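Respectively, the protein sequence lines represent chains A and B.
Under my numbering, the residue at position 246 of the first sequence is numbered 246, and the numbers go up by one with no gaps.
Under my numbering, the residue at position 294 of the second sequence is numbered 294, and the numbers go up by one with no gaps.
One or more hints might be untrue.
Since the list gives no way to pick out one identical chain from another, each pair is judged satisfied if it fits inside one copy or across any two copies.
Unchecked claim - Capping the alpha-carbon separation at 27 Å, the derived lysine-lysine pairs in DSS-like fashion look like this: (1) K313 to K59; (2) K25 to K127; (3) K325 to K335; (4) K295 to K59; (5) K389 to K87; (6) K225 to K331; (7) K127 to K59; (8) K300 to K228.
Hints are computed from structural coordinates only; laboratory data are not their basis.
Values in this document were obtained by computation on a predicted structure and should not be read as measured data.
Protein chains: 2
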Amino acid sequence: MMLPFHFARIPNIIFGAGTLAELYKLISQLGNKVLLVIGGSSLKDSGKLDEIERNLQDKNLTYWIVSVPSEPSPEIIDTHAQEFREKEVDVVVGIGGGSVTDAGKAISAMIPQEDSITNYLEGVGTKTHNGEKIPYIAVPTTSGTGSEATKNAVISEIGPDGFKKSLRHDNLVPDYALVDAELMISCPPDITAACGMDAFTQLLEAYTSTAASPMTDALAISGLKYMKNNIVPACTDKANNINVRIALAYGSLLSGICLANAGLGIIHGLASPIGGFFDIPHGVVCGTLLAAATKMNVEKLKAQGPKGMLGLKKYADVGAMFAGKEAIFEKDLIKYSTILVDTLEVWTDTLHIDPLGIYGITAKDVNKIVDHASLKNNPVPLGKEDIKKIVLSRL
Amino acid sequence: MMLPFHFARIPNIIFGAGTLAELYKLISQLGNKVLLVIGGSSLKDSGKLDEIERNLQDKNLTYWIVSVPSEPSPEIIDTHAQEFREKEVDVVVGIGGGSVTDAGKAISAMIPQEDSITNYLEGVGTKTHNGEKIPYIAVPTTSGTGSEATKNAVISEIGPDGFKKSLRHDNLVPDYALVDAELMISCPPDITAACGMDAFTQLLEAYTSTAASPMTDALAISGLKYMKNNIVPACTDKANNINVRIALAYGSLLSGICLANAGLGIIHGLASPIGGFFDIPHGVVCGTLLAAATKMNVEKLKAQGPKGMLGLKKYADVGAMFAGKEAIFEKDLIKYSTILVDTLEVWTDTLHIDPLGIYGITAKDVNKIVDHASLKNNPVPLGKEDIKKIVLSRL
């Protein structure tokens with residue numbers, strides 16, 4: 001029995017090595033005044049920013065550049081939205097990691113409003129965004145958040161009263177996701193690892209989600225297949241291999257589509273408070289919790305007996321993929337879900353994913369984190385003690 | 001090596017048994033003046049039209065109903081578009097088979113224009129549609145064309161100078177595809193068979209297309225998995241089983257997404273002239289050619305030797321699915337692609353798919369048909385004699 005499901009719009013996708021060359025034609029179709037949102041210095045350092053500017057000038061396009069060098073706060077979005085309200089921007093282009101593509105998305109959505117983004121953030125403000133925005137093109141330079149395909153932008157206020165909350169509306173799905181794996185070649189190993197683990201987590205959490213549909217399942221499995229053999233090479237000896245980078249870019253894009261339509265689980269349910277209270281990259285939180293949380297979920301599903309079989313089957317599917325098996329039998333569910341957990345533990349070591357303690361998180365912070373955590377669409381219920389155990393194991 | 005690909009927007013999808021109940025809220029979000037495009041009498045006969053009208057009245061929505069009882073001609077679209085140009089329609093809803101959902105799509109796109117649709121049809125007119133349209137909700141009542149997810153509307157002029165050509169623009173993807181399998185329960189066996197074969201053909205042609213991407217592959221395989229065990233039951237002893245109808249509706253929806261993004265092959269390349277020159281349902285053309293054309297493609301790929309392996313592998317994947325195998329070895333490619341061809345031949349018999357002769361097509365028509373046929377993205381080149389052989393085998 002297939003349960004009813006909703007599947008939201010996805011962006012127009014332009015995917016593949018070298019597709020950045022298509023950006024200027026796209027922009028021209030949408031207008032001639034462009035706001036470029038970029039991150040810190042990496043786009044400049046790689047020479048790509050100069051190339052982009054030359055092309056914009058050649059096309060006689062008017063452009064402004066704003067830099068968002070860290071995870072975007074409400075203040076940053078408000079400042080830039082305010083600055084461009086009078087400038088009649090035709091199109092916003094966000095080129096960078098997940099923070100930048102989220103910042104571009106939020107700025108494109110806040111230019112047509114008149115007040116602060118804080119009013120519209122889920123769980124923070126009281127207003128609902130009306131979906132009005134400036135057309136938006138997302139150009140990711142990391143294979144991580146999948147923000148190029150999602151309808152939300154994560155906004156962070158870091159500190160003791162901090163939060164990571166979303167501005168969300170179906171219309172905020174970017175008009176175009178232009179995914180050029182050549183832009184990812186220069187991404188350093190630590191960021192490649194953290195982003196890759198985030199994307200993998202999103203695919204795995206969406207695939208095992210209680211809100212998964214056959215459509216999200218098909219796309220999640222396709223993304224996992226491409227990512228599984230390429231995360232470690234991309235962070236080690238194959239960082240410059242374009243096919244490796246294409247595989248991760250594909251997995252990341254699909255992770256965005258899947259999370260937007262199937263939701264996520266406890267890892268992202270923990271990433272929100274951890275990232276709000278502490279200054280720690282989102283990909284590191286996901287990467288560091290991935291194996292531990294998956295192990296906990298598998299244990300809890302096993303303990304459920306027959307009721308947990310369907311959830312366990314999902315983890316076993318992915319484990320079987322790692323083992324090179326496509327068809328699995330019920331008797332092998334535990335074997336293959338164990339292979340998955342073991343593989344993720346090896347990845348955590350091989351990729352040197354930081355434990356949480358490096359970012360100043362201690363045992364005394366764990367209760368507060370757990371109190372603010374959400375299960376989201378985790379495939380099995382977890383109690384506070386279970387969640388605490390996951391976090392403690394990664395301090 | 002993953003080649004670059006484009007993947008267009010898809011509609012907001014609302015899928016599942018009973019989802020028709022969500023239609024009225026959707027309409028209200030878009031406005032209060034609704035143009036309903038329906039087919040012949042089946043929606044009325046099933047009692048669903050009365051139910052829909054009651055609900056529209058309860059919501060105080062203004063509505064008009066137009067009926068398009070056959071495959072839409074340019075004249076039909078022009079007449080209805082003209083009629084509603086002054087009426088400030090807020091939303092068009094097309095409820096019916098593929099002809100109706102295409103007609104609704106075309107009317108929603110032609111109301112904002114001032115001239116005839118003929119001017120905008122590919123290969124017929126000289127103008128390019130600008131993408132402007134009235135918001136459009138597609139509600140299929142058959143599991144066939146996948147029109148609820150595509151960016152084109154097929155318009156037919158039947159006769160010696162006839163054609164079946166598309167109005168096409170990325171913006172013509174319906175804003176919403178509302179797919180309620182309960183609406184399909186009353187579809188009679190012959191129409192269920194023809195539509196099911198059309199959807200299956202679309203999935204298979206998109207999966208084996210030279211323009212397929214990993215994304216379309218993942219979705220095509222998911223659609224094929226659900227369709228493979230349900231087409232025959234839906235036309236025989238399980239016509240009233242909602243799970244069987246859901247599976248076909250799912251496959252049909254995904255066939256639309258896949259064809260829009262991967263293209264099709266020789267079967268649809270023949271369906272265009274055959275359907276233009278003769279009054280024959282599109283699903284029958286596809287269904288009757290499916291086994292014969294697949295057999296020809298498999299033979300030609302085999303004859304290519306190593307070069308044809310990749311194409312043959314695609315057919316073998318689907319054959320292996322029928323045989324209950326997920327992983328296949330190179331040595332089994334011929335075995336499993338033969339299983340596929342054999343299965344499709346059995347379906348053609350079991351489902352009593354009409355040969356072309358029933359619709360007045362004779363051997364002397366074949367050259368003209370073949371001259372107007374297109375290979376589209378067929379996985380292997382075919383000569384005129386090969387194409388002729390396919391058609392002759394199904395007279």
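Q | Hint numbers not upheld by this structure, sorted from lowest to highest | A | Going through the list in order, the structure violates hints 1, 4, 5 and respects the others.
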